[in-house]
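Student: Sequence:
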Amino acid sequence: MARIAGVDLPKKKKIGIALTYIYGIGWTTSLKILDASGVDWAKKTETLSPEEVNIIRNELENNYKVEGDLKREISADIKRLMDIGCYRGLRHRRSMPVRGQRTHTNARIRKGPKKTTIKKKK
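If you're matching positions, the sequence shown starts at 224 in my numbering and goes up one per residue.
Check the hints yourself; a few may be wrong.
[Unchecked claim] Calculated pairs, BS3-like style, for lysine-lysine (alpha carbon to alpha carbon, straight line, at most 25 angstroms):
hint	residue 1	residue 2
1	LYS237	LYS266
2	LYS237	LYS288
3	LYS288	LYS234
4	LYS266	LYS255
5	LYS255	LYS237
6	LYS236	LYS266
[As the list claims (entries may be wrong)] Pair ranges (Cβ atoms, derived):
hint	residue 1	residue 2	range
7	ASP292	ILE341	42 to 50 angstroms
8	ALA299	LEU254	24 to 32 angstroms
9	VAL230	ILE341	42 to 50 angstroms
10	TYR244	MET319	26 to 34 angstroms
11	ASP292	GLY323	24 to 32 angstroms
12	ASN277	TYR310	44 to 52 angstroms
13	PRO273	LYS302	34 to 42 angstroms
14	LYS235	LYS334	36 to 44 angstroms
Note that these hints are calculated values from the structure, not bench results. Ideal placement from N, C-alpha and C gives every residue a C-beta, glycine not left out.
Produce the entire structure from the sequences given, and follow the hints as far as they go.
Tutor: Quick look at the structure:
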């Protein structure tokens, strides 16, 4: 089993797909990494030699931010927005959509479960 950037890659998948299990790597980035390291993207993860795994690991460490470093950087960016008090930071602080989506009827994932109020007769 190949372990790259602290993630166990699935054995039965092609290495091009398996690299996308790492946070911060999508399909296009995985193909760029494999091209730079000279590994065929259609190879299964279990058939990779230890040298090929080391080449991929070195390529990732030298040229890309993934997993913990990337998550830390993103959370620091969000914290900076909240600290300076800009509009995006206020939206993050209130747990509301940041990029201009409507909130009147949607945004249930961001706002949480619906809070119902009980109306009393007067």
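Student: Please go over all the hints and tell whether each is borne out by the structure.
Tutor: Against the structure, the hints:
1. LYS237 - LYS266: Holds, at about 5 angstroms.
2. LYS237 - LYS288: holds (22 angstroms)
3. LYS288 - LYS234: holds (24 angstroms)
4. LYS266 - LYS255: holds (15 angstroms)
5. LYS255 - LYS237: holds (15 angstroms)
6. LYS236 - LYS266: holds (8 angstroms)
7. ASP292 - ILE341: 42 to 50 angstroms: holds (48 angstroms)
8. ALA299 - LEU254: 24 to 32 angstroms: holds (29 angstroms)
9. VAL230 - ILE341: 42 to 50 angstroms: At roughly 47 angstroms between Cβ atoms, ILE341 and VAL230 fall inside 42 to 50 angstroms, so the hint holds.
10. TYR244 - MET319: 26 to 34 angstroms: holds (31 angstroms)
11. ASP292 - GLY323: 24 to 32 angstroms: holds (29 angstroms)
12. ASN277 - TYR310: 44 to 52 angstroms: The hint (44 to 52 angstroms, Cβ to Cβ) holds, given that ASN277 and TYR310 are roughly 46 angstroms apart.
13. PRO273 - LYS302: 34 to 42 angstroms: holds (39 angstroms)
14. LYS235 - LYS334: 36 to 44 angstroms: Holds - the Cβ-Cβ distance for LYS235 and LYS334, about 39 angstroms, lies within 36 to 44 angstroms.
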